[in-house]
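Chemist: Taking the hints into account, I'd like the entire structure generated from these sequences.
Protein chains: 2
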Amino acid sequence: MNPQLEARLAGYKKLIQGRLEEVIRKGEPVSLYDPMRYALSQPGKQLRPCLLLLSCEAVGGDPEQALDGALAIEVIHNFTLVHDDIMDHDELRRGRPTVHHRWDENVAILAGDALLVLGYALLARVDSRHLPAILRTFSSAILDICEGQALDKEFETRVEVSLAQYYEMIEKKTGRLFELACQAGAMLGGGEEQTSAALACYGAQVGRAFQLQDDLLDLLGEEKTIGKDVASDLEEGKKSFLIAHARHTASPAQLMTLAALTERRPIEKERLTAIIALFEEIGTLAAARAEISRCLEKARSNLKVLPQNPAARDLEAFIGAIAERTF
Amino acid sequence: MNPQLEARLAGYKKLIQGRLEEVIRKGEPVSLYDPMRYALSQPGKQLRPCLLLLSCEAVGGDPEQALDGALAIEVIHNFTLVHDDIMDHDELRRGRPTVHHRWDENVAILAGDALLVLGYALLARVDSRHLPAILRTFSSAILDICEGQALDKEFETRVEVSLAQYYEMIEKKTGRLFELACQAGAMLGGGEEQTSAALACYGAQVGRAFQLQDDLLDLLGEEKTIGKDVASDLEEGKKSFLIAHARHTASPAQLMTLAALTERRPIEKERLTAIIALFEEIGTLAAARAEISRCLEKARSNLKVLPQNPAARDLEAFIGAIAERTF
Numbered sequence: 007m008n009p010q011l012e013a014r015l016a017g018y019k020k021l022i023q024g025r026l027e028e029v030i031r032k033g034e035p036v037s038l039y040d041p042m043r044y045a046l047s048q049p050g051k052q053l054r055p056c057l058l059l060l061s062c063e064a065v066g067g068d069p070e071q072a073l074d075g076a077l078a079i080e081v082i083h084n085f086t087l088v089h090d091d092i093m094d095h096d097e098l099r100r101g102r103p104t105v106h107h108r109w110d111e112n113v114a115i116l117a118g119d120a121l122l123v124l125g126y127a128l129l130a131r132v133d134s135r136h137l138p139a140i141l142r143t144f145s146s147a148i149l150d151i152c153e154g155q156a157l158d159k160e161f162e163t164r165v166e167v168s169l170a171q172y173y174e175m176i177e178k179k180t181g182r183l184f185e186l187a188c189q190a191g192a193m194l195g196g197g198e199e200q201t202s203a204a205l206a207c208y209g210a211q212v213g214r215a216f217q218l219q220d221d222l223l224d225l226l227g228e229e230k231t232i233g234k235d236v237a238s239d240l241e242e243g244k245k246s247f248l249i250a251h252a253r254h255t256a257s258p259a260q261l262m263t264l265a266a267l268t269e270r271r272p273i274e275k276e277r278l279t280a281i282i283a284l285f286e287e288i289g290t291l292a293a294a295r296a297e298i299s300r301c302l303e304k305a306r307s308n309l310k311v312l313p314q315n316p317a318a319r320d321l322e323a324f325i326g327a328i329a330e331r332t333f
Numbered sequence: 007m008n009p010q011l012e013a014r015l016a017g018y019k020k021l022i023q024g025r026l027e028e029v030i031r032k033g034e035p036v037s038l039y040d041p042m043r044y045a046l047s048q049p050g051k052q053l054r055p056c057l058l059l060l061s062c063e064a065v066g067g068d069p070e071q072a073l074d075g076a077l078a079i080e081v082i083h084n085f086t087l088v089h090d091d092i093m094d095h096d097e098l099r100r101g102r103p104t105v106h107h108r109w110d111e112n113v114a115i116l117a118g119d120a121l122l123v124l125g126y127a128l129l130a131r132v133d134s135r136h137l138p139a140i141l142r143t144f145s146s147a148i149l150d151i152c153e154g155q156a157l158d159k160e161f162e163t164r165v166e167v168s169l170a171q172y173y174e175m176i177e178k179k180t181g182r183l184f185e186l187a188c189q190a191g192a193m194l195g196g197g198e199e200q201t202s203a204a205l206a207c208y209g210a211q212v213g214r215a216f217q218l219q220d221d222l223l224d225l226l227g228e229e230k231t232i233g234k235d236v237a238s239d240l241e242e243g244k245k246s247f248l249i250a251h252a253r254h255t256a257s258p259a260q261l262m263t264l265a266a267l268t269e270r271r272p273i274e275k276e277r278l279t280a281i282i283a284l285f286e287e288i289g290t291l292a293a294a295r296a297e298i299s300r301c302l303e304k305a306r307s308n309l310k311v312l313p314q315n316p317a318a319r320d321l322e323a324f325i326g327a328i329a330e331r332t333f
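Going down the list, the protein sequences come from chains A and B.
Each residue of the first sequence is one higher than the one before, starting from 7 at the first, in our numbering.
Each residue of the second sequence is one higher than the one before, starting from 7 at the first, in our numbering.
Be aware that a few hints might be false.
Intra- or inter-copy, both count: the list cannot distinguish identical chains.
The calculated lysine to any residue pairs, modelled on SDA-like cross-linking and capped at a C-alpha distance of 20 Å, are [as the list claims (entries may be wrong)]: (1) Lys-32 / Glu-160; (2) Lys-32 / Arg-142; (3) Lys-32 / Asp-150; (4) Lys-32 / Ser-146; (5) Lys-32 / Leu-149; (6) Lys-51 / Ala-329; (7) Lys-244 / Ser-37; (8) Lys-244 / Asn-112; (9) Lys-244 / Asp-110; (10) Lys-32 / Glu-174; (11) Lys-51 / Lys-234.
Please keep in mind that the hints were generated in silico from the structure rather than gathered at the bench.
Modeler: Next comes the structure, spelled out in structure tokens:
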């Protein structure tokens, strides 16, 4: 990663984590606040709040103005993770037991709810001039995320999911929060409407690339690096890019081989290798990589409206960091 | 019920239900929006939005100014019901299958989440002068409600819960939303701080009385009227007023009888009659009724700060309607 970007992200993450700990330090009953603290205490990559702060600075704003928005988006992201993990029966997240696995489902439902509310409580602290638009933008994005999650769950029980349907789902489920981060950062930084809209497109494309990578990593990543079980998408019947693309491109014989290889669960290492080879043969892995490049190019082209400044350069470097992502 | 109050509530309910249907009419995927519409479509008593509108008018405001706040509180109340029903494994609500029982838990988690977000989206439409305070007040109240629900679940696995702990739990879980309704209505109506505070106290006391009645109705109500199974609190080990009071007042012999009577589940009709007689003998039912009267008296005394107007008179009549409540 570009050292300037690396230094900036490290600074942001320290700031965000410090403030988050202040926000959540107190609070009883512990049966509610301990799982909330747990969800927030092993920070992930904090890409969304970092993008929010970067977007604020890129339009000429002071990141202090956007900090509560950045905290809100990180807390709300964690709300979605806690509830999604229940719905997906996932037992590992960032290398640790998920909230519902460590406690129970009731605890996780309630901790997730309270994280969402805490996110809104943080939003209430943003500059009142921006508050109506910020509240509308956040709420509309989170509703879209719920819609994306509903589609994701619906697709699990469907055989046929087109690439268009797949893209609609990930645009809502993953892309929207990246889009929101960049748009809200620009709004809080006092950016003009056109600039905020361009940054929103940048975020949406970065988010889409990120989700395509996640779909690849489910197959190609290592458990230690991705912090969860390998091939869990395949085992849960998720309609990832891989499945949607292969169904639409593979020959009948290849589809039969794929069905046979993914039928029994769990999928052990030898079969995983065969599945990877099959996706390679179908052209799915190359198609995913090509689409990731296209998204990142589109993201880059949206940065043209920005003034020349270090944060704008870091948003460009961010594209490179996503491109070489292995996490 | 006082006919003036009855006419006013009927008008408010029609207004609220009509607008709610507009808000939720569209929306896809249906796997998300159908359960949301279902949760909102068989309206309950709508006490909270009605109290919000009444409080707005009582301080001299126009109920149109407060309508989005009223919709928000009704939608958010329904969010709490959908998630509480999952946590409590309740299969009936207002005489119909609960969302998780009719669909499944994943659907109910997500529909509840989306209802909460929809509530905030409605709040974003209130007059921007009031928005920062309204957003803070709502978020703080909903966090308290989550805390109250966490306490309620914690208490199920505890043997000993004092009356003070019981009161803390219901103040948060039930009282806070009534308090919020009255406070927010006064704020949106442009009421002065002192008046809003008095109306908040009025709401908190009405909410406390309402919960004590709910605790009594669990034992004394009829399934048809209360829309759920009789004695479900007892069966789930809920620490209602009845249990908290009896544990603190009954003789050791009475406690042993109570334990024996409530040991096997489900509780059939003959044992229910014996349990009611025992609570009567311990003095628990009389104590609950006395506490309800005390709360409603305190609520009434908080209305003194209001100007003389029809809405203020209806808030007073509301106390009478709660006192004679059988629903």
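Chemist: Next, verify each hint and record whether it holds.
Modeler: Taking the hints in turn, this is what the structure says about them:
1. Proximity of Lys-32 and Glu-160 under a CA criterion of 20 Å is satisfied inter-copy only: 19 Å between copies versus 39 Å inside one chain copy.
2. For the identical chains of this complex, Lys-32 and Arg-142 are inter-copy neighbours only, at 18 Å across copies versus 29 Å inside a copy, given an alpha-carbon limit of 20 Å.
3. Taking CA atoms no more than 20 Å apart as the test, Lys-32 paired with Asp-150 passes between copies only; the shortest distance there is 14 Å, against 32 Å inside one copy.
4. In this homomeric assembly, Lys-32 and Ser-146 come within 20 Å of each other (Cα to Cα) only across copies, at 14 Å, whereas the closest approach inside a single copy is 30 Å.
5. Proximity of Lys-32 and Leu-149 under a CA criterion of 20 Å is satisfied inter-copy only: 13 Å between copies versus 29 Å inside one chain copy.
6. In this homomeric assembly, Lys-51 and Ala-329 come within 20 Å of each other (Cα to Cα) only inside a single copy, at 15 Å, whereas the closest approach across copies is 55 Å.
7. For the homomeric pair Lys-244 and Ser-37, the shortest alpha-carbon distance between copies (17 Å) is at most 20 Å, but the shortest distance inside one copy (32 Å) is not.
8. Taking the shortest alpha-carbon separations for Lys-244 and Asn-112, only the inter-copy value of 15 Å comes in at or below 20 Å, while the best intra-copy value is 25 Å.
9. Proximity of Lys-244 to Asp-110 under the C-alpha cut-off of 20 Å is restricted to the inter-copy arrangement: shortest distance 18 Å between copies versus 24 Å within a copy.
10. In this homomeric assembly, Lys-32 and Glu-174 come within 20 Å of each other (Cα to Cα) only across copies, at 18 Å, whereas the closest approach inside a single copy is 40 Å.
11. In this homomeric assembly, Lys-51 and Lys-234 come within 20 Å of each other (Cα to Cα) only inside a single copy, at 15 Å, whereas the closest approach across copies is 46 Å.
Of the hints listed earlier, there is not a single one the structure fails to meet.
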